[in-house]
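Engineer: Sequence:
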Amino acid sequence: MATAFLVDVVGQGGAVSPDVVSGRLRITKTELAHALGLSRDSVSKASRVASPATQKRLRDMVEIVNRVIPWTGSELAAFAWYRSQPLPSFGDQTAEDLVHAGRGEAVKRYLSRVAEGGFA
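For what it's worth, the working numbering labels the leading residue of the sequence shown as 1246, then goes sequentially.
Warning: the hint list may mix true and false statements.
Only pairs whose alpha carbons sit at most 16 Å apart, straight line, appear in this in silico EDC-like list of lysine to aspartate or glutamate [unchecked claim]:
#1 K1274 with D1286
#2 K1353 with D1342
#3 K1353 with E1308
In case anyone wonders, no lab produced these hints; they're calculated from the structure.
Note that this is a predicted model, so its numbers are computed, not measured.
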């Protein structure tokens, strides 16, 4: 199921589709933009969706959600985790907080460390 999520939200050209992400997570584009720390235009207007900054945030969020689906049991639960689970290694900030701050890579490294049996 986790692989299906990632495959479905990333298009043939490698870009993450905000339309597919919002549909799979059952949220509006406004809610998606908020979860990314971006404006609604960033996930609605084609020229803004294609920008490297927007795609970086989308990709970080999608990869983080995808990584925790096996632990949480579903895409929706993984997205809830992304938005609300405090991460002790980051002063109890959430993955969402960290992606907003441009620290998505740090979250992905953290999740890799936890998956390998490291401490949270």
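Engineer: Next step is simple, just say for each hint if it's right about the structure.
Structural biologist: Hints, one by one, checked against the model:
1. In summary, the hint linking K1274 to D1286 is supported, as the alpha carbons are separated by about 9 Å, within the 16 Å threshold.
2. Restraint check: the Cα-Cα separation between K1353 and D1342 comes to about 13 Å, which is no more than 16 Å; the hinted pair holds.
3. The straight-line distance between the Cα atoms of K1353 and E1308 is roughly 8 Å, inside the 16 Å bound, and the hint therefore holds.
Hint violations for this structure: none, all hints satisfied.
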